[in-house]
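So the sequences go chain by chain: A and B.
Count the first sequence with the working numbering and you get residues 4 to 119, in order.
Count the second sequence with the working numbering and you get residues 922 to 1030, in order.
Each hint should be verified, as a subset may be incorrect.
[Claimed, not checked] Partial pick of chain B residues on the chain A-facing surface, computed with a CB cut under 7 Å:
id : residue
1  : Y960
2  : G964
3  : L965
4  : L967
5  : A1017
6  : K1022
[Stated by the list, open to error] Derived CB-CB ranges, DEER-like:
id : chain 1 : residue 1 : chain 2 : residue 2 : range
7  : A       : T79       : B       : G950      : 44 to 54 Å
8  : A       : K71       : B       : P1030     : 17 to 27 Å
9  : B       : D975      : A       : L119      : 44 to 54 Å
10 : A       : P73       : B       : N943      : 25 to 35 Å
11 : A       : V56       : B       : K989      : 43 to 53 Å
12 : B       : S935      : A       : Q83       : 24 to 34 Å
13 : A       : P11       : B       : P1030     : 11 to 21 Å
14 : B       : A974      : A       : P73       : 24 to 34 Å
Because the hints were derived from the structure by calculation, they are not lab data.
Ideal Cβ positions, reconstructed from N, Cα and C, are used throughout, including at glycine.
Here's the letter readout for the chains.
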Amino acid sequence: DAGVIQSPRHEVTEMGQEVTLRCKPISGHNSLFWYRQTMMRGLELLIYFNNNVPIDDSGMPEDRFSAKMPNASFSTLKIQPSEPRDSAVYFCASSLDSGGGLNEQFFGPGTRLTVL
Amino acid sequence: GNSVTQMEGPVTLSEEAFLTINCTYTATGYPSLFWYVQYPGEGLQLLLKATKADDKGSNKGFEATYRKETTSFHLEKGSVQVSDSAVYFCALSDQALTFGKGITLSVRP
């Protein structure tokens, strides 16, 4: 199995631009998680889906952030408009479970976003 | 709400030294507890886990015991190697994972 796939691996953009991060979970997994990692705040859960349905989006910073999961094999995290404080590494993870974190989560390699 | 507190880092050790990384948690209910490891340039990987009180998780020479009475899940290894250099995260799960801030371990040859 290829594991969780994220693209792009690196993204540099200018303030105000739209950014779309992509994630392909491990085939057969039914839960998908988006995290953000920064030096100041550590690793934060942004949103997670179970069976393609958003379960908890309380970690999404503000309306500029949105996430979708149109099918079991694809999810996007969009930032519009982007701001310099959004610069971080964004991780996607997937697991096979009933919607919580009880089963092992498999992480992708992350997308390093820099907003100038 | 749930929270995880890890000891401040970074930690630098010589090869074959004993390692302890402290982790305490606050949670309602009875969460599962995890240690994840992040090697440079990679995503997180599960290192070990424990799902109930007094369980001991172990993997690659690392161990941690779920201590409900002290709400702790300290990570230990008897003899670290250079290849153990990484960032270590303690986490708990209730509905989803809550992570500590992570601690960087550097092991010198």
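Each hint tested on the structure:
no.: 1; hint: Y960; in the structure: violated (11 Å)
no.: 2; hint: G964; in the structure: holds (3 Å)
no.: 3; hint: L965; in the structure: holds (4 Å)
no.: 4; hint: L967; in the structure: holds (5 Å)
no.: 5; hint: A1017; in the structure: holds (5 Å)
no.: 6; hint: K1022; in the structure: holds (4 Å)
no.: 7; hint: A:T79 with B:G950: 44 to 54 Å; in the structure: violated (32 Å)
no.: 8; hint: A:K71 with B:P1030: 17 to 27 Å; in the structure: violated (47 Å)
no.: 9; hint: B:D975 with A:L119: 44 to 54 Å; in the structure: holds (51 Å)
no.: 10; hint: A:P73 with B:N943: 25 to 35 Å; in the structure: violated (42 Å)
no.: 11; hint: A:V56 with B:K989: 43 to 53 Å; in the structure: violated (33 Å)
no.: 12; hint: B:S935 with A:Q83: 24 to 34 Å; in the structure: violated (49 Å)
no.: 13; hint: A:P11 with B:P1030: 11 to 21 Å; in the structure: violated (36 Å)
no.: 14; hint: B:A974 with A:P73: 24 to 34 Å; in the structure: violated (41 Å)
Violated hints, listed in ascending order, are 1, 7, 8, 10, 11, 12, 13 and 14; each of the other numbered hints is respected by the structure.
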